[in-house]
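Novice: Take these sequences, add in the hints, and give me the full structure.
2 protein chains.
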Amino acid sequence: MLTLGALLYPDFELLDFYGPLEMFGSLGEDLRIVTLAQQTGPIPSTQGPQTLAEYTFENAPDLDLLLIPGGIGTFPALENSALLDFLRRRAPKTRVTMSVCTGSALLARAGLLDGRRATTNKMYFAMTAAASDAVHWVENARWGVDGPFVTSSGVSAGTDMALTVIAQLFDQERAEQIAAMTEYQWHRDADVDPFVSYLNQGPLPA
Amino acid sequence: MLTLGALLYPDFELLDFYGPLEMFGSLGEDLRIVTLAQQTGPIPSTQGPQTLAEYTFENAPDLDLLLIPGGIGTFPALENSALLDFLRRRAPKTRVTMSVCTGSALLARAGLLDGRRATTNKMYFAMTAAASDAVHWVENARWGVDGPFVTSSGVSAGTDMALTVIAQLFDQERAEQIAAMTEYQWHRDADVDPFVSYLNQGPLPA
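Same order as they appear, the protein sequences are chains A and B. Position in the first sequence (from 1) plus 148 gives the number in our numbering. Position in the second sequence (from 1) plus 148 gives the number in our numbering.
Bear in mind the hints are in silico, worked out from the structure with no lab data behind them. Please note that a few of the clues may not be correct.
[Stated by the list, open to error] Label pairs and their calculated CB-CB ranges:
1) D339(A) x N348(B): 30 to 40 Å
2) T151(B) x V340(A): 31 to 41 Å
3) T204(A) x D339(B): 41 to 51 Å
[To be verified] So these bits of chain A aren't anywhere near chain B, every CB distance computed over 10 Å:
4) A230
5) G295
6) Q316
Glycine included, every Cβ here is placed at the ideal spot set by N, Cα and C.
Specialist: Here it is in structure tokens:
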């Protein structure tokens with residue numbers, strides 16, 4: 149059984165976190181999800197609802213996979229040395245470390261993406277990429293793989309990325325089954341990005 | 149500001165709940181989400197992670213919108229009279245009551261869909277529809293509206309439904325903005341169901 153560590157921090161984006169966890173959580177006995185944060189207890193999302201963190205950076209079990217969501221909370225988290233130290237200690241020991249949306253800024257700031265290719269969400273691309281100039285930031289990508297790191301574009305792109313990682317860890321058939329069971333219209337091509345046209349447009353006027 | 153009540157019960161399906169909440173939660177100051185369950189505290193999902201319920205069936209605030217997720221926990225919940233009574237008391241007072249996946253079985257068992265058209269997830273269609281024979285169950289629908297009730301097909305269909313409800317409550321432009329910000333490839337046609345071919349096929353062999 150694989151163990152996936154799902155990182156929480158205040159003001160994480162709900163679907164960054166839960167889109168991938170729906171897909172990985174559909175693997176049944178082949179994978180368990182553990183939630184972790186700087187402290188245990190309820191962690192509020194950007195949208196309001198709170199998720200329980202079960203483990204801390206100190207007592208988290210060994211992790212095969214690590215998921216790092218984005219959200220407006222990413223930007224204060226860039227200054228959280230305990231969180232960055234956790235990533236530096238643990239990400240290199242995983243088989244796959246995944247980020248969604250602005251979550252790649254945390255990996256970048258931790259130095260883990262130095263010299264690597266990575267992507268992030270499109271509307272806030274430059275703002276996120278400012279976390280590190282040692283990364284080769286790729287604008288036109290739904291998601292991208294470089295070594296053990298898989299970084300995805302904004303929010304919903306994480307769900308597409310998760311199914312692809314499942315196909316790599318298990319096989320394509322297993323990922324297709326999960327997409328069908330969750331009635332998810334899986335966008336299978338990492339290099340086709342329907343949202344790159346919104347690059348750096350920031351929040352659209354409400 | 150609208151108030152959306154998001155119902156939790158043990159073994160709810162993560163993306164049934166959080167796909168719609170991502171979209172509604174992106175309305176900022178125009179909407180607040182409250183989580184509610186039979187008791188306050190952490191409620192475990194089918195996939196493991198636990199969400200905090202903030203209100204009970206007794207002390208929940210007035211609700212403009214109500215969201216009912218599905219999941220394997222739906223079937224024991226069909227026998228939960230406190231939950232069904234809550235739905236009978238509160239759903240008729242909302243502007244819109246939404247269900248995702250097997251969540252429509254709870255509305256059906258509560259008698260709220262009697263004589264109405266409703267849908268549910270495709271692989272477990274007959275199993276869910278067995279909750280009530282007073283409902284006109286529609287097989288070929290991504291989601292459907294009948295009066296104040298909007299019922300969606302499995303898991304990811306709830307996210308498409310949510311954007312459509314947002315377009316109705318606000319306007320199409322607002323829903324399009326949220327889809328773009330969340331990089332979500334919105335399936336806009338309720339009557340085109342890519343998953344009806346899986347009707348009653350149950351879980352695919354692992």
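Novice: Now tell me if each hint is right for this structure.
Specialist: Hints, verified against the model:
| no. | hint | in the structure |
| --- | --- | --- |
| 1 | D339(A) x N348(B): 30 to 40 Å | 36 Å, holds |
| 2 | T151(B) x V340(A): 31 to 41 Å | 39 Å, holds |
| 3 | T204(A) x D339(B): 41 to 51 Å | 48 Å, holds |
| 4 | A230 | 22 Å, holds |
| 5 | G295 | 24 Å, holds |
| 6 | Q316 | 17 Å, holds |
Consistency note: the structure conflicts with none of the earlier hints.
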